[in-house]
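*Asks:* Sequence lines, in order, name chains V and U. Counting from 1, position 247 in the first sequence corresponds to residue 246 in numbering that gives the first Met the number 0; the numbering is continuous, with no gaps. Counting from 1, position 122 in the second sequence corresponds to residue 121 in numbering that gives the first Met the number 0; the numbering is continuous, with no gaps.
No lab work stands behind these hints, which were simulated from the structure alone.
Below, computed lysine-lysine pairings styled on BS3-like, alpha-carbon distance capped at 30 Å:
#: 1; chain 1: U; residue 1: LYS78; chain 2: U; residue 2: LYS127
#: 2; chain 1: U; residue 1: LYS19; chain 2: U; residue 2: LYS127
#: 3; chain 1: V; residue 1: LYS398; chain 2: U; residue 2: LYS127
#: 4; chain 1: V; residue 1: LYS398; chain 2: U; residue 2: LYS43
#: 5; chain 1: V; residue 1: LYS398; chain 2: U; residue 2: LYS19
#: 6; chain 1: U; residue 1: LYS19; chain 2: U; residue 2: LYS43
Stretch by stretch, here's where chain V covers chain U in the computed footprint (C-beta under 8 Å, at least three residues):
#: 7; stretch: 3-10
#: 8; stretch: 29-41
#: 9; stretch: 51-65
This one's a predicted model, so the numbers in the text were calculated from it and none came from an experiment. Built from N, CA and C at the ideal position, the CB exists for glycine as well.
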Amino acid sequence: MSTRNPRRADFPLLAANPQLHYLDSAATSQKPRVVLDAMRAYYERDNANPHRGAYALSARATDRYHDARERVAAFLGASDADCLVFTRGTTESLNLVATAWGHANVREGDEIVVTALEHHANFVPWQQLALARGARFLVCPLTSDHRVDLEALRAMVGTRTKVVAFNHVSNALGTLNPVNEIAQVARSVGALVVCDGAQGAPHLRVGFDALDVDFYAFSGHKMCGPMGIGGLLGRRAILEAMPPYQFGGDMIEFVRDEDSTWNALPHKFEAGTPNVGDAVGLAAACDYLDALGLESVLEHERTLVRLAMDRLREVDGVCLYGPSPSERSGVVSFTMAGIHPHDLATIFDQDGVCIRAGQHCAQPLMRRLGVSATARASFYVYNDEHDVEALVASLRRAKEVFAGGGELLPDELVPCRGAR
Amino acid sequence: MSDLQELYQSIILDHNRRPKNYGALEGASHRAEGRNPDCGDEVKVELAMTGDRIDEVRFTSAGCAVSRASASIMTQNVKGKSRAEVEQLFATFHELVTGKLRPSEQEARGLGELAAFSGVSRFPIRVKCASMPWHTLQAALRDAPRA
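Given the sequences, and given the hints that come with them, work out the whole structure.
*Replies:* Structure (structure tokens):
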């Protein structure tokens, strides 16, 4: 086998732990040194409260924040950087749209459509909006290989459909969704198109200007950036027509005793002191990913996913979920007959193999897969074949540990409904 | 014994594969369901009580080996016991799985199969797997009696 992936040296945590097999980047990625350095430099040289200081240091902090927004917007293919609202992450971005746009535009009897592939963050805000407004909440089913069923979606939408919300890439299975095809169905009935890009932006060129969506939400911490920052890209006309999400400093224009008016985009949606340090870190993460080239990042992930799926299939009792490697990002979700994913994760951990086990914040999907949980390995820029081999070796070890338990119960032998 | 072997002792693996008192309880007087939203584990505990005493107890679960084995061994240990006795037993069990109690050989014998869970204390994130059936049992004991 080849030597370790040289990218590991860019990531202090991985460099310091050569035995670690970090296979949970879909939960959060590790952070390259350049990101940590950029944040440290900001706090050491330029830190002040932006937008309000009457001194040079504050002006510098303002510049850094502005530059970070321009940089991140450019990375995501958005030419109008004012239409990038910084948030705490995807969850806050989606709640922003569901709350601010949703309450102003969704009425009783309207319909909101999401898919069965959604993370709770792109499911519950819409479900709760529907409940609050007396709208119908519809969940688009999946095909047998766990992709959005476009035929079913076409049949589901109608003149009452106000929102179609879906993810770019499934966090639980890695499924790549055909954004523009789904958007076309939504457009045909005039619905708002909302894309959860938490698992898209780290791996794919978003190209927001050419993407047929109204909103695109993403998180910085899954794309080599720091925790606590992400964003919402929106179309200018829609953002301008929307009421604010939160009120406070920075987002206002005039405050009279009776009423107030709002600042221009993007500040209208950024109440309070902005998160400049993390924005600077996220901009550095975009530089890092650009230098690697997102196309080669995805190709690298697919190579590892293909290898992992092939090697896992060799292990008796494994069930793989999701579509073929060419239709997914760097995620492999699987179960092992007779061993709960949580037990797998504990045993893997003893070998330094970090995976996610559970429902992946996607209970509606787990119900449809007919499983209570899955084990999920996710690959990113720093992973390599050694990580795949460690994963498979740990799985074989788990089988040995559990071999003492005897024959499988009938309910543990449910037929695999995955892509195996 | 490695930490892993201590966690997955044959008693635990055996109860996981062939749980005791598994299934629905006809004519249950008390019941409760427990869920761990982090991992998706679910357990349902049903009791038939006479006064303060547990006559019958059965459970169903979807979850990891630790939680299923814990539920199985728990049901064997609480049958015939009063609420106060159950509370006492859970307090001891909780100290065991959190590492506060390091039983002597004699104490371990007194704990019977419950002693198999001492290995959980080396895996702090698994403590809730072992305790969830007990919390669910407590909830069932608080459940209003059904006719």
